[in-house]
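A.B. asks: Spelled out, the chains give:
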Amino acid sequence: MHEWTLLSAARKVREKEISSRELTRAILDRIERHNPRINAYVTVLTEKAMKDALACDEALQKGRTLGPLHGVPVGLKDIFCTRGIRTTCGSRILHNFIPPYDATVTGKVLSSGAVLLGKQNMDEFAMGSSTETSHFGPARNPWALDRIPGGSSGGTAAAVAAGLCFAGVGTDTGGSIRQPASVCGVVGLKPTYGRVSRYGMIAFASSLDQGGPITRSVPDAAMILSVIAGHDRRDSTSVDLPVPDYLAATRESVKGLKVGLPREYFEGEGLDPGVRAAVEKTLAVLTSQGAQALEISLPHTRYALSAYYIIAPAEASSNLARYDGVRYGHRARCEGGLIEMMSRTRAEGFGAEVKRRVMIGTYALSAGYYEAYYGKAQKVRTLIRRDFEEAFSKVDVILTPTSPTPAFRIGERTGDPLTMYLSDIFTIPCNLAGIPGISVPCGMSREGLPIGAQLLGKHFREEDLFMAAAAIEREIPLPRVAPMGEA
Amino acid sequence: MEFEAVIGLEVHAQLSTGSKIFCACSAAFGAPPNENTCPVCTGMPGVLPVLNRRVVEFAVRTALATSCAVRKKSVFARKNYFYPDLPKAYQISQYELPLALAGHIDIELEGGAKRIGITRIHLEEDAGKLVHEGEFAGAQASLADLNRCSVPLMEIVSEPDMRTPEEAGEYLRRLRDILVYLEVCDGNMEEGSFRCDANVSVRPMGQKEFGTKAELKNMNSFRNVEKALEHEIRRQIERIEDGDKVVQETRLWDAAAGVTVPMRGKEEAHDYRYFPDPDLLPLIVEEAWVEELRQTIPELPGEKITRLTRTYGLSRYDAGLLSSSRALADFFEESLAVFGDNPKVTANECVHWKEAIAAGKISPETIAHAVEDREKGTISATASKKLVELAIETGRPIREIRDEKGLTQVSDTGALEETVSKVLAANPKEVESYRGGKAGLLSFFVGQVMKETRGKANPRIVQEVLKKTLG
Numbered sequence: 001m002h003e004w005t006l007l008s009a010a011r012k013v014r015e016k017e018i019s020s021r022e023l024t025r026a027i028l029d030r031i032e033r034h035n036p037r038i039n040a041y042v043t044v045l046t047e048k049a050m051k052d053a054l055a056c057d058e059a060l061q062k063g064r065t066l067g068p069l070h071g072v073p074v075g076l077k078d079i080f081c082t083r084g085i086r087t088t089c090g091s092r093i094l095h096n097f098i099p100p101y102d103a104t105v106t107g108k109v110l111s112s113g114a115v116l117l118g119k120q121n122m123d124e125f126a127m128g129s130s131t132e133t134s135h136f137g138p139a140r141n142p143w144a145l146d147r148i149p150g151g152s153s154g155g156t157a158a159a160v161a162a163g164l165c166f167a168g169v170g171t172d173t174g175g176s177i178r179q180p181a182s183v184c185g186v187v188g189l190k191p192t193y194g195r196v197s198r199y200g201m202i203a204f205a206s207s208l209d210q211g212g213p214i215t216r217s218v219p220d221a222a223m224i225l226s227v228i229a230g231h232d233r234r235d236s237t238s239v240d241l242p243v244p245d246y247l248a249a250t251r252e253s254v255k256g257l258k259v260g261l262p263r264e265y266f267e268g269e270g271l272d273p274g275v276r277a278a279v280e281k282t283l284a285v286l287t288s289q290g291a292q293a294l295e296i297s298l299p300h301t302r303y304a305l306s307a308y309y310i311i312a313p314a315e316a317s318s319n320l321a322r323y324d325g326v327r328y329g330h331r332a333r334c335e336g337g338l339i340e341m342m343s344r345t346r347a348e349g350f351g352a353e354v355k356r357r358v359m360i361g362t363y364a365l366s367a368g369y370y371e372a373y374y375g376k377a378q379k380v381r382t383l384i385r386r387d388f389e390e391a392f393s394k395v396d397v398i399l400t401p402t403s404p405t406p407a408f409r410i411g412e413r414t415g416d417p418l419t420m421y422l423s424d425i426f427t428i429p430c431n432l433a434g435i436p437g438i439s440v441p442c443g444m445s446r447e448g449l450p451i452g453a454q455l456l457g458k459h460f461r462e463e464d465l466f467m468a469a470a471a472i473e474r475e476i477p478l479p480r481v482a483p484m485g486e487a
Numbered sequence: 488m489e490f491e492a493v494i495g496l497e498v499h500a501q502l503s504t505g506s507k508i509f510c511a512c513s514a515a516f517g518a519p520p521n522e523n524t525c526p527v528c529t530g531m532p533g534v535l536p537v538l539n540r541r542v543v544e545f546a547v548r549t550a551l552a553t554s555c556a557v558r559k560k561s562v563f564a565r566k567n568y569f570y571p572d573l574p575k576a577y578q579i580s581q582y583e584l585p586l587a588l589a590g591h592i593d594i595e596l597e598g599g600a601k602r603i604g605i606t607r608i609h610l611e612e613d614a615g616k617l618v619h620e621g622e623f624a625g626a627q628a629s630l631a632d633l634n635r636c637s638v639p640l641m642e643i644v645s646e647p648d649m650r651t652p653e654e655a656g657e658y659l660r661r662l663r664d665i666l667v668y669l670e671v672c673d674g675n676m677e678e679g680s681f682r683c684d685a686n687v688s689v690r691p692m693g694q695k696e697f698g699t700k701a702e703l704k705n706m707n708s709f710r711n712v713e714k715a716l717e718h719e720i721r722r723q724i725e726r727i728e729d730g731d732k733v734v735q736e737t738r739l740w741d742a743a744a745g746v747t748v749p750m751r752g753k754e755e756a757h758d759y760r761y762f763p764d765p766d767l768l769p770l771i772v773e774e775a776w777v778e779e780l781r782q783t784i785p786e787l788p789g790e791k792i793t794r795l796t797r798t799y800g801l802s803r804y805d806a807g808l809l810s811s812s813r814a815l816a817d818f819f820e821e822s823l824a825v826f827g828d829n830p831k832v833t834a835n836e837c838v839h840w841k842e843a844i845a846a847g848k849i850s851p852e853t854i855a856h857a858v859e860d861r862e863k864g865t866i867s868a869t870a871s872k873k874l875v876e877l878a879i880e881t882g883r884p885i886r887e888i889r890d891e892k893g894l895t896q897v898s899d900t901g902a903l904e905e906t907v908s909k910v911l912a913a914n915p916k917e918v919e920s921y922r923g924g925k926a927g928l929l930s931f932f933v934g935q936v937m938k939e940t941r942g943k944a945n946p947r948i949v950q951e952v953l954k955k956t957l958g
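So the sequences go chain by chain: A and C. Following our numbering, the residues of the first sequence are numbered contiguously, the last one being 487. Following our numbering, the residues of the second sequence are numbered contiguously, the last one being 958.
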């Protein structure tokens, strides 16, 4: 049953084919068996989940359901604050932090009736593409345990691919939902900036961060998005637009859909030939269904990575300044004064990648450098946004690879941050432009590793992505749960 | 050589909104430590600020009342620095694009009016406060009270247009009065809801360039601002006359010692790494809303003073005293509506009883009736004061008390002639002496008449009747 989609699990609970307790117990058992190897969860809520499952079953006996996910066990990236439940953001500095509040996403998932299984592993403060920067050790790719599950939402993608939950919610600042979804062979959507509330979602780079689903099917992703999307008065950057019927969009035909192929995404070095072939096959599938392919240009793509690595660290350097040991989280033991306490707390509490980015960001915002770095990067960002506006005047969606390569080996890139940063080269422009992007499985490499295709859409047109991704999913059937040596 | 000072003031006014600028917590002063806090104002992970509309409304009204141009688009920025009273490690403030620019306030000086320019008005959040166990330097522990975190502040920066401490004092008082008139700030300097820093420099008379300035802090009353400026100007002039240079620095006013001292610890040029806050959208203030708010601007102190002098013939001094509070000026005019024959006397009474008036313990009728009775001679000045006091104490109508206590004076000449005759008949010797030239005996007769009438006679009338009768 761990292979069921979220939607079928929800239907079976609702129709009393299975109780929420049986379903939850089964998944908890799998977590107990596999998590020590996969390390997808940093916190497992065994007792609480069973208690919540019981409450779901009792409510159902009385003919009441809380919402569309009634009784279905799911996971949350450990970046979403959960009231009374430790929320670490993958960092030592928050290893003991128990929020007195729920993130808006947490609240929406819980009030849809879902049972929370636990909090999922991630790169520290979402800074990474492999989950290797987590204070709790790397998560592993269920398809090949010596490989990374991607990041930063690697724990969530690994849990979904290993059948350790029916769906999860991750976050994406530069590809942190789509890249792990791609390398774990599952579906991951980064919604339009402003579509999902950021309240209670621990900030990495505020102008880029967005929460979104990681699931085993496109309709599952559509379901999760309809649960978590919507305006939130507590987030001034969330947009007050109605939430459309995303599920309905997954059933629509791609006939007449204009699909753009950005020249620049296929030109550069570093694109794995297997990945290229899989994406080309994906295009063929779409055109065979009546979609129309068009070559387009996104000329400023090559500046995206540089602009991103100024803007994201700059915002992060300010967002992470609050972790000073004064009010919550880790505090260094020291006899010295205030400055020493704060410095040592941060020296002990943050890992190397976080420190690197805080320093880059602090430098970029410094007097005398601000215009040359932050100011310039913002201008590049505007140019990239215009590139997409121009492209979307001609096409409805844009098709690209999600990640230039399938999952790389654990430890392979940790010594070389720049190569690591290149993992996100295809996903970053989407965040800079604020548009939605989805990764959908489109093939397997010769080594048997999943490959994902990325679709980018117009602002607040997630329906277009669901429509095209669902067509790909129907036409290229692939296993969504890794065999885990059980086959 | 003669010197002149150049003074500019930065005022931080705490806006008297019910809630804080970026969360729903109460902004009230005096709650138990950390009572008025929530995840947002204590900078918990993942929380976001949401701008309080009322704060913007208060600032726009202030901008309109000081003739500033309200910008359609302004931007909140983050000012980054580490300190335990600043939970997010950045203060949300307006930096490059403030809410309002280029206004002015007219102040009144002995030599006439003067216009002081306002550079900008912007919004920001306050920080919390630290309580140290023991002396700061050797404190065993420091406790953070975050109640004040995110309480809304409005910063009003003046142009360096003031030349004397008196001008600075007048500007501050006028600005405070305007904020209080608008009901956007309680103007209390002692409690810190109206704070002032001063930039001051001196230059030889006639020189165009500014001298090197010092920034003065820690002045918690209007009088202290003037005293600190006086001291600092003298200090800078003395340095220059001694051949030294003025150093650009921040100095604290030590009110007890009456001197300014350099701020301890080096205030090195801090790099605050300002950048636009990505959690808040640019603030857009629509023209229609500004016009709507313009309609809510009351008559301001300057306009009121001019009107009171023109309408009631008051001196600018008296009109100024009355206009120091909008409620007092309103009270004055309400009193005049009941009895308006002598505005000058009514004004004096209002100023005399202003504390009771502010406390709401006295009605306009009380003052009007007291003035009217005195003007008509029905009561004496002494009785009038006594009656107002009793009215405050008991809350009863003043005339009811007057009649009950029998404090009316007899001013009726006819009624007094009888008593006068009686007194003169009883003191023939004195009458003879008076007529023989002992004019001083007049007061003896007055005393006797007062005694006979048990103090109710109007002494002025008694004198008149006596003089007439004695010939």
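The reader is advised that the hints may include incorrect statements.
Unchecked claim - Partial list, derived from the structure: chain A residues whose beta carbon lies under 10 Å from chain C:
#, residue
1, 96
2, 99
3, 206
4, 235
5, 328
6, 338
7, 367
8, 368
9, 415
10, 419
11, 421
Unchecked claim - With a straight-line Cα cutoff of 30 Å, these simulated DSBU-like cross-link-like pairs (lysine-lysine) come out:
#, chain 1, residue 1, chain 2, residue 2
12, C, 925, C, 872
13, C, 560, A, 376
14, A, 16, A, 62
15, C, 559, A, 458
16, C, 566, A, 379
17, A, 376, C, 566
18, C, 560, A, 458
19, C, 559, A, 376
20, C, 943, A, 379
21, A, 379, C, 559
22, C, 872, A, 355
Treat the hints as calculated values from the structure; they're not laboratory data. A virtual CB, placed ideally from N, CA and C, is assigned to each residue, including glycine.
A.B. asks: Work down the list of hints and note, for each, if the structure agrees.
C.D. replies: Against the structure, the hints:
1. Restraint check, residue 96 of chain A versus chain C: the minimum CB separation of about 13 Å is more than 10 Å; hint violated.
2. Interface restraint check: residue 99 of chain A against chain C, minimum CB-CB distance 7 Å, threshold 10 Å, status holds.
3. The beta carbon of residue 206 of chain A is positioned within 10 Å of a beta carbon in chain C (closest approach about 4 Å), and the interface hint is therefore held.
4. The restraint placing residue 235 of chain A at the interface with chain C holds, with a minimum CB-CB distance near 5 Å, inside the 10 Å limit.
5. Given hint, residue 328 of chain A at the interface with chain C, holds; its Cβ is 7 Å from that chain's nearest Cβ, closer than 10 Å.
6. A distance limit of 10 Å between C-beta atoms decides the matter here; for residue 338 of chain A the minimum to chain C is near 7 Å, and the interface restraint holds.
7. For residue 367 of chain A, the shortest C-beta to C-beta distance to chain C is roughly 5 Å, which falls under 10 Å, so the interface hint holds.
8. Using the Cβ-Cβ criterion of 10 Å, the hint placing residue 368 of chain A at the interface with chain C is satisfied: the shortest such distance is roughly 9 Å.
9. Against a cut-off of 10 Å between C-beta atoms, the interface hint on residue 415 of chain A is violated, since the closest Cβ of chain C lies about 30 Å away.
10. Of the supplied interface hints, the one on residue 419 of chain A is violated, with its beta-carbon coming no nearer than about 28 Å to a beta-carbon of chain C, more than 10 Å.
11. A least Cβ separation of about 21 Å between residue 421 of chain A and chain C goes past the 10 Å threshold, and the interface hint is therefore violated.
12. Of the supplied pair hints, the one linking residue 925 of chain C and residue 872 of chain C is violated, its CA atoms being roughly 35 Å apart against a limit of 30 Å.
13. Annotation: proposed proximity of residue 560 of chain C to residue 376 of chain A holds, straight-line Cα distance about 22 Å (limit 30 Å).
14. Distance check on the hinted pair: residue 16 of chain A and residue 62 of chain A sit about 12 Å apart at the alpha-carbon level, within 30 Å; holds.
15. In summary, the hint linking residue 559 of chain C to residue 458 of chain A is supported, as the alpha carbons are separated by about 29 Å, within the 30 Å threshold.
16. The suggested pairing of residue 566 of chain C with residue 379 of chain A holds, with an alpha-carbon distance near 22 Å, which does not exceed 30 Å.
17. A threshold of 30 Å between alpha carbons decides the hint, and for residue 376 of chain A with residue 566 of chain C the separation of about 20 Å falls inside it, so the pair holds.
18. Straight-line distance between C-alpha atoms of residue 560 of chain C and residue 458 of chain A comes to about 27 Å, which keeps the hinted pair within the 30 Å bound.
19. Under the criterion of a C-alpha separation no larger than 30 Å, the hint pairing residue 559 of chain C with residue 376 of chain A is consistent with the structure, at around 25 Å.
20. Taking the CA atoms of residue 943 of chain C and residue 379 of chain A, the gap is about 89 Å. The hint is violated against a cut of 30 Å.
21. Simply put, residue 379 of chain A and residue 559 of chain C have alpha-carbon atoms about 23 Å apart, close enough for the 30 Å limit, and the pair holds.
22. Proximity of residue 872 of chain C to residue 355 of chain A is assessed by CA-CA distance (about 75 Å); at most 30 Å being required, the pair is judged violated.
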